[in-house]
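Note that the protein sequences, when read in sequence, are chains R and G. Numbering that gives the first Met the number 0 applies: residue 0 is where the first sequence begins, and numbers increase by one. Numbering that gives the first Met the number 0 applies: residue 0 is where the second sequence begins, and numbers increase by one.
Check each hint, because a few of them may be wrong.
[Unchecked claim] Computed list of lysine-lysine pairs in DSBU-like fashion (alpha-carbon distance at most 35 Å, straight line):
id, chain 1, residue 1, chain 2, residue 2
1, G, Lys124, R, Lys23
2, G, Lys188, R, Lys23
3, R, Lys99, G, Lys431
4, R, Lys98, G, Lys371
5, G, Lys149, R, Lys23
6, R, Lys98, G, Lys90
7, R, Lys99, G, Lys124
8, R, Lys98, G, Lys124
9, G, Lys81, R, Lys98
10, R, Lys23, R, Lys99
11, R, Lys99, G, Lys188
12, G, Lys371, G, Lys259
13, G, Lys149, R, Lys99
14, G, Lys259, G, Lys192
15, G, Lys192, R, Lys23
16, G, Lys188, R, Lys98
17, G, Lys149, G, Lys124
18, R, Lys99, G, Lys90
19, G, Lys149, G, Lys188
20, R, Lys99, G, Lys371
21, G, Lys149, G, Lys192
22, G, Lys259, G, Lys431
23, R, Lys98, G, Lys192
[To be verified] Heads up, incomplete: computed chain R residues facing chain G, CB under 8 Å, no partners named:
id, residue
24, Leu13
25, Leu17
26, Lys23
27, Asn95
28, Lys98
29, Val100
30, Asp257
These are computed hints drawn from the structure, not numbers from a lab. Ideal placement from N, C-alpha and C gives every residue a C-beta, glycine not left out.
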Amino acid sequence: MFSNLAQVIRYRGLIQSLVARELKARYRGSVLGFLWTFIHPLLLLSIYTFVFTVILPNRSPAAQPYGLFMFCGILPWNWFSSSLLEASNSLVSGGNLIKKVLFPAEILPIVNVLANMIHFFFGLVILLAFLVVYQHWPDPGDLVWFPVVVVIQLIFTAGLALLLSALTVHFRDIRDLLSNVLLFWFFATPIIYPWLDPNVIRYKRLFDLNPFTHLAVSYQEILFFHGPFGHAKGLLALGGASIVFFLGGYWVFDRLRDSFAEAV
Amino acid sequence: MTAVIELVNVTKIYRRYSGRHFATLKSALLQRSILRDLQPTEVFPALSDVSFAVPSGSTFGVIGRNGSGKSTALKLVAGITKATTGTVRVKGRISALIELGAGFHPEISGRENVFINGIMLGLSKREIEQRFDEIVDFAELRDFIDAPVKTYSSGMYMRLGFAVAIHVEPEVLLVDEVLAVGDEGFTHKCLDKFAEFRRRGRTILLVTHSLGLVERFCDEAVWLDSGRLRGEGDPRRVVDAYLAATEEREEALMAATTAKAVASSVGTGAGSRPADATVGRAATGGSTGGPAASNGAGSGSSTAAGMGAAPEAGPRSNEEEGAAPGLRNMFQADEGRWGSREIEITDVALIDRAGEPAFVFHSGDPVAIRFKIRAHAAAADFVIGIGLFNAEGVCCYGTNTHLEEMASVQLVGEAQVTFAIDSLDLVEGTYKLDVAVHKRDGYPYDYHRLLYTFRVKSRTHDAGIYRPHHRWEFSGAISFRPAEKGA
């Protein structure tokens, strides 16, 4: 298992080209091309801002300006959910490669996760622009934590992506199951409502069990809320769990590896 | 010489999870049957206990029918799948021409795909840069290399895939039936490239149905049949053994088809009225039906039209002398059996050189068509005819005793008829046989229409229907060289 893991690192050149290809291919043939990367989050930001400040004014005084607050959680969520949806399908749609070319299969879901991470980074540029517009500066001290959150999310997402992609080969209905679970998961995570809301605090134990709570809250703490980063403990615990999770996901993947070429 | 590829007692079992395809994860979870469901319900051995070694620097052929395990063997060598038991050892960098352009992404340009495909096949970016021009020139895609691959024709796609794979400079090249990728010119270029590989002492493992290629090109060959090794060694001998087995199989198959055709015709025939009506219509519409039939045959191929018309013209000119309407019927009816059965044909067989009934012959072999006729009452007016048709329904030859000016005198009881052909000068293909006995005016006693199938095999892939006995003669400053290995 660990030698296979080392092999993934040897293939980083391939991963790099495939991620680049993924990003290029996605916008090839569209008129606005790469601009779509920016337009989508921009649109999301304006819709949510309109809905939650004009139509359903948010009660939490802490989460103002609301659109900006929500954007801090939505961006990483999109990275997470798109990665999983694409990765779960990656082995099936990349069946040609697995069947016909000697090719380490784990590269496919990993490429999906990384390509979506790049999208996340583009989204951050928009967020940055709006932080400037709203004159809502994050604390420079908190920003040290930012790469930590990103790395933890990367490990966590990759582990889940490996697990799901391997299982989808045998259970095709995971794809449909997943999109429904993700919808539920989205609302079960403090993304469109703030963590500090008294109604949320009441169910704190339940929320603590949701791994993405810690990621979303960390992003919000770092990028949005003022004051020192207060979620270090939860984040680091998730970090440890993510590594275990990744290894577990990779183990399952490795165990099922030999069945891919025949089952896809 | 050391072995570069070595298979030792390799067995590959494919599992079929038949029942589970409809099961959902949920039901599997609910019934706690996930573990049980992950067990295969059916196993299928694609390779059983196969061992062979490919010596370094040799070109090694793998032949066998579809589904014999050839591609599975190649995938095992390529490392794409793992052997269930046994070991597969490979030394050196492998490039597998299994499916060309397998990793191409349709939306991005040929140039980018070359890079990504090259990296997938194990090249570094720098190596690809060095070979890029060579790859593009080889694929003959200089003008299109920056267009997205989705705009390529399938030939262009394959050529690019082939060009990348061949420029990986592998020590071992695995080729799975990919030589049919381009036009004649490109195929030659591929063969040249293989020859260059050979000269440089690289090893090639070639899976193909093109037996000529194996004979010409390979140093050694193996023959797989239903996942088992049936032959190994000198390619000519292996190919011959394979061909012999194929013939046997075809014989068995044709015997079965013929038996079925005869059996079903016996059930429906027996001098019934509808059968008579068919003949009546055919006889009256003869002069118009004749050309129409030859038109129909002509649509098969342009050469067939000319040949189809030739024998057809024979009986028509004879018709003025009031002859042989029975023969003309051959051009119209479908397969089957009809007639009054006052005289009956039985035990139709094609007899080979050894005097045994057979279904597969080689072009130029002697063949005898042998059958029995039995008259239930003594008959004086009868004509015995035969007709040979190719798969497109073109009459290759037809004749009868009347046309050959043998006036019937008497048939009492049973007689054996042999139509002996000294040399079956037909090109390779499947042929059908008619035998009939009828009155001079066409009234059918027993008509066996296309009921007997046989195959003609040939080493020469010449065209047409008829192969005249021939030889080439040359004089002057002209020379040829016989086909060489590796040419």
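Taking the hints in turn, this is what the structure says about them:
no., hint, result
1, G:Lys124 <-> R:Lys23, "holds (18 Å)"
2, G:Lys188 <-> R:Lys23, "holds (33 Å)"
3, R:Lys99 <-> G:Lys431, "violated (42 Å)"
4, R:Lys98 <-> G:Lys371, "violated (57 Å)"
5, G:Lys149 <-> R:Lys23, "holds (14 Å)"
6, R:Lys98 <-> G:Lys90, "holds (21 Å)"
7, R:Lys99 <-> G:Lys124, "holds (22 Å)"
8, R:Lys98 <-> G:Lys124, "holds (24 Å)"
9, G:Lys81 <-> R:Lys98, "holds (12 Å)"
10, R:Lys23 <-> R:Lys99, "holds (24 Å)"
11, R:Lys99 <-> G:Lys188, "holds (24 Å)"
12, G:Lys371 <-> G:Lys259, "holds (19 Å)"
13, G:Lys149 <-> R:Lys99, "holds (20 Å)"
14, G:Lys259 <-> G:Lys192, "violated (49 Å)"
15, G:Lys192 <-> R:Lys23, "holds (34 Å)"
16, G:Lys188 <-> R:Lys98, "holds (27 Å)"
17, G:Lys149 <-> G:Lys124, "holds (23 Å)"
18, R:Lys99 <-> G:Lys90, "holds (20 Å)"
19, G:Lys149 <-> G:Lys188, "holds (24 Å)"
20, R:Lys99 <-> G:Lys371, "violated (57 Å)"
21, G:Lys149 <-> G:Lys192, "holds (27 Å)"
22, G:Lys259 <-> G:Lys431, "holds (14 Å)"
23, R:Lys98 <-> G:Lys192, "holds (26 Å)"
24, Leu13, "holds (5 Å)"
25, Leu17, "holds (7 Å)"
26, Lys23, "holds (6 Å)"
27, Asn95, "holds (5 Å)"
28, Lys98, "holds (7 Å)"
29, Val100, "holds (5 Å)"
30, Asp257, "holds (5 Å)"
Violated hints, in rising order: 3, 4, 14, 20; the structure is consistent with all others.
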